[in-house]
Amino acid sequence: MKKPDIKEIDFSIYDVKDNVKYEYQTGKGLSKEVVLEISEQKNEPSWMRDFRLKALEIYQKMPMPTWGVDLSQLDIDSIIAYIRPSAKMQRSWDEVPEEIRRTFERLGIPEAERKALAGVGAQYDSEVVYHNIKESLTQQGVIFEDMDTAVKKYPDIIKEYFMTKNVTPHDHKFAALHAAIWSGGTFVYVPEGVKVEVPLQAYFRMNAPGSGQFEHTLIIADKGSEVHFIEGCSAPQYSVSNLHAGCVELFVNEGARIIYSTIENWSKNTYNLNTKRAIVEKDGIIEWISGSFGSHKTMLYPASILKGEGAKAEYTGVTFAAKGQHLDTGSKMIHLAPHTSSKVLAKSISKDGGISSYRGLLKIGPNAEGAKASVQCEGLMLDDISRSDTMPVIEIENDNVDIGHEAKVGRISDEQIFYLMSRGLSEDDARAMIVRGFVEPIAKALPLEYAVEMNRLIKLELEGAIG
Amino acid sequence: MWKRVSMEEIQQPSYKEYTSAVIKDLSHDTVKIKETKKLAGLPTEILALRDKAFGIEGKFINMVKDFYNAGFHIEISQNSNVEKPIVIDYITNEQNNTLIDYNIIEAEANSQVTIVFDYNSGTKGFHNGITQVIAKEGSTVNIVKIQRLGDEFNDFDNNLVIVGKNAMVNWSNVVIGSKVSAFDVAVYLDEVGGTFTSKSIFLGVDSQKYDMAYKVYHQAPKTTSSVDLKGALKGSAKATFIGNIDIKKGAKKAKAEENETVLLLDKTVKSVAIPALYCGEDDVQANHSASAGQIDEDKLYYVMSRGFSLEEARLLMVQAILNPVIDLIPYDPVREIIIKGHIGRRIIK
Amino acid sequence: MRETLLEIKDLHVEVEDKYILKGLNLTIKKGEIHAIMGPNGGGKSTLCNSIMGNPKYKVTLGQILFEGEDITNLKVNERAKKGIFLSFQYPEEIPGITVDNFIRTSVNIVTGQNVTMLQFAKDMKNTLELLDMKSEYRSRYLNVGFSGGEKKKTEILQMAFLKPKLVMLDEIDSGLDIDALKVVAEAVKKLKTEEMSILIVTHYNRILDYLEPDAISVLMDGKIVKSGDRDLAKILEEKGYDFVRNGV
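Protein chains in written order, with the working numbering: chain A, 598 to 1064; chain B, 1063 to 1411; chain C, 15 to 262.
Be a bit skeptical, because a hint or two may be false.
A few chain B positions that, by computed beta-carbon distances, are all more than 12 Å from chain A [as the list claims (entries may be wrong)]:
no., residue
1, N1204
2, D1328
3, E1398
Chain A stretches covered by chain B per the calculated footprint, using a threshold of three residues with CB under 8 Å from any CB of chain B [unchecked claim]:
no., stretch
4, 934 to 941
5, 984 to 996
The calculated BS3-like cross-link candidates involving lysine-lysine, where the alpha carbons are at most 25 Å apart (straight line), are [as the list claims (entries may be wrong)]:
no., chain 1, residue 1, chain 2, residue 2
6, C, K237, B, K1317
7, B, K1127, B, K1078
8, C, K70, C, K237
9, B, K1311, C, K70
10, A, K1005, B, K1078
11, B, K1146, A, K1005
12, C, K237, B, K1315
13, B, K1315, A, K1005
14, B, K1314, C, K32
15, B, K1292, A, K969
Since the hints were made in silico from the structure, they are not lab data. Predicted model only: the values in this text are computed from it and were never measured. Quick reminder that beta carbons are idealized off the backbone N, C-alpha and C, glycines included.
Work the whole structure out from these sequences, hints included.
In structure tokens, the structure reads:
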């Protein structure tokens, strides 16, 4: 079947392993020495070093989470915490080492930058190798820097915002781990009233087997500003475990709007234990768009703290769990102020023994007069060896609210298949079309290129061509 | 997150006799009723269920098993249709303020029965009980549990329901009494064609604290379940609802639905809903929904335009939600009037 | 004498372990409009589903020949490519897929050619006008939230694009009000070519007033019990199916 909106592509692009030289790496495991080494290698100010050491102490005291996915096979002591390719951060693709550049070219990053993006950051293992933004945005005062540079260039801002008032090392074990050994990532500041019309993108690529990636993303959207940030990630398949424990902190100030889109395609040996949170002030808007396709196990629940009156949050996500995957995803909506509203649309697909779970929290605090919230979960099971679980928690401490929650799970009906086949589609194409329709609300929320990317991943998963 | 009610939160009673249960004499030869206290041991059917998890918490279960001071073992013989409902009146008063009941219902193949448990009266006391229902092939068992104990009661109710082949259990909880009240209904649809339905209501006022759970396990093909819980909260009342639908692999063509609706009548109430849906089988139809909010202002306006006061109009709206379930209480107009009156007094003070 | 398009011989069909068709014989000629009437539960929808190849309907005996070729064991989509079209009694809803996208995909498959965007848009505009449908339908998800009448019109819209040789209208008149029925019937009439055959399944005469069938067969208890011309419909309306059952 010819699908006009999906280009025939080479499915192997995600799995190419590069033979890149690494300039420096810590040994396996985690200790005070490793943390000090990372800090020293980065030539960081002492406040950041001390922050890391404190976080390490917290990490060591905290227990592993006992809920969600099974983490008993994850051996953090065998993960390489920090691994730096021999490449300096560049502002031009031409200066990025050839092997690394070719990988990003295969993934379509420089091309997307030319066509549809206002700025791109590209991280390769622990370090950012490319970071650039359109001149016109710099002139408007937009800051788009890799996080390591930002620590040195904007110490006051970073010191104030970095894991202090949004996500903190005390939140959970992997937030503490992240705080201790974070490396790379992006800092974005959008000044008051500036609307960044074209999206910014960060792409995270893990290449080294047995390594971890711990990038930190901090976005501050000042009053009345707007920005769309897109995050992509992938890694080639290895037999040993990789760990991704990133952290995203978003500050949506009064009347501002951040759209945060993620297409996650980690290889199926990766543990993806990620933390994302947005604090939304008066009349601010946060929109999370999330496609989770890769990884061995994922725990990811983007949180929206609706702190100011009239703040709004939306979460639109699709999770596709295939063979060997347990993807535990969801969202947290915390309403703390009057007239806040939130909307969750979570779709999941399970296939070949995959487990997809929706785990969500909707909390309406006593001050959230007139809050509105809706949660809608839909699970599509493609066979009888997979699982689809939905575990929402709804806590309400106010009467003046309008709350609705709906969830359903099922499979593609024989009648639907027959109907489509009576119009000429083969059985496989009929199935693919129904799945495509199922995820349409998410595809629609993404810029065209990324919707195409997502449909491509779905096609891949349906055909079982990866993993 | 607010945890479920636990044993540690409440004052433990000291053991006391309880002698004020009333069960209407049926003189029906297809029903055998014995007091569980007088049984030499538990029936073998019940002993066989030891691997089935149920109950609010292990401690509550153990307490009943070790110290029960009341309860009935009711057997309905094969093919018999018991037309009049069996009503067990658990009356409490100053002397009989500690009720620990162990009830066993065995409905033999193709029998039909309705049993009403009415926990009532008293002001201060403690209730903790177990009810185990075994509905054998083709039987229909209707259970109504009314909890309208006094305001200073702590109430715990642990239920295990085993639904046999093509059998049907229709369940109903009416929860309007006690200070702290928790119930847990574990339903095992172990054989093909079994059905469980529940239509239940609650009304929480002042500082009442309710903890309600239905856990339905679909373990066989063509099993059906439907759980519907509606309620209203007023004052600083708190309610937690746990609704688990757990469809095991192999339960093909299972159908499950679950719905919770809560009316929030005051700013100071607290409501927690955890409607979980676990699914390990694709050939199923399963859905759940939960909603919470205030009484629709347009409806209030409409009713008030017909002369109702705000309080009366609110009561009417609460009744609109609760009455359809109260009306299911079989053949018992007196009980119905008492419950409706109780609800009315709690909304309009 | 016109050529035969469809020939059904001694068809026995079982649905969920129950026999619905018990030795049905039927011939439809090229270009013919053939109406099948009969009481509910007589097997009318089963006949349509069997011709279309719904896997739930199991043919245990007999044959379906289409243009002389035995298609009894052919898959649904292969039959569609041969030019068989069923307008469903209850069309399925396909969330997330627009009417436009769906029809374009379907046309490309069935005809094996890529229609140009321009041509497609032109055809779409004309057909929507013919069916008295607004152009907004193009971007709505297929049948999702459509009324009964809108669903039936969308079936005919698909038919217009697929240009089948055999059109089966399974109770096209149910869910349509009188005005909509007229629009649909006239559209079908306009879309009908010399070569196209139409099999109408209905309880009612009204659609037959518009489409003027060449032949009428009565299907009861899994068999064709009587065949005739248009007058048979009038007799049925006056005297009921029992009249036929009693063999008068």
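Checklist entry - Does the stretch 934 to 941 of chain A contain three or more residues whose Cβ lies closer than 8 Å to a Cβ of chain B? => result With 0 residues closer than 8 Å to chain B, the stretch 934 to 941 of chain A misses the three-residue bar; violated.
Item to check | Given as non-interface: B:E1398, which should sit over 12 Å from chain A by C-beta | outcome: Fine: 28 Å to the nearest Cβ keeps B:E1398 off the interface.
Checklist entry - Would B:D1328 pass as off the interface with chain A, using Cβ distances and a cut of 12 Å? => result Contrary to the label, B:D1328 does not stay out of reach of chain A, its closest Cβ about 5 Å off (not over 12 Å).
Next on the checklist: How does the stretch 984 to 996 of chain A fare against chain B when you require at least three residues with a CB closer than 8 Å, holds or violated?
Outcome noted: holds (count 13)
Next on the checklist: Between the alpha carbons of B:K1292 and A:K969, is the straight-line distance 25 Å or under?
Outcome noted: The given pair, whose Cα atoms are some 20 Å apart, holds under the 25 Å limit.
Checklist entry - Between B:K1311 and C:K70, is the straight-line Cα distance small enough, at 25 Å or below? => result Within the cut-off at roughly 24 Å; holds.
Checklist entry - Taking 25 Å as the top limit, are the C-alpha atoms of C:K237 and B:K1315 close enough? => result 32 Å, violated
Next on the checklist: Checking one constraint from the list: CA of C:K70 to CA of C:K237, max 25 Å. Satisfied?
Outcome noted: This hinted pair holds, its Cα atoms lying about 19 Å apart.
Next on the checklist: What's the verdict on B:K1127 and B:K1078, does the C-alpha distance respect the 25 Å limit or exceed it?
Outcome noted: Distance ~15 Å between B:K1127 and B:K1078 Cα, so the pair holds.
Checklist entry - Given the hinted pair C:K237 and B:K1317, is their alpha-carbon gap at most 25 Å? => result 36 Å, violated
Next on the checklist: For a C-alpha distance cap of 25 Å, please report whether B:K1146 and A:K1005 respect it.
Outcome noted: 39 Å, violated
Checklist entry - Is the hinted pair B:K1314 and C:K32 satisfied, with a Cα-Cα distance of at most 25 Å? => result Judged against 25 Å, a Cα distance of about 21 Å means the pair holds.
Going through the hint list in order, the structure does not satisfy hints 2, 4, 6, 10, 11 and 12.
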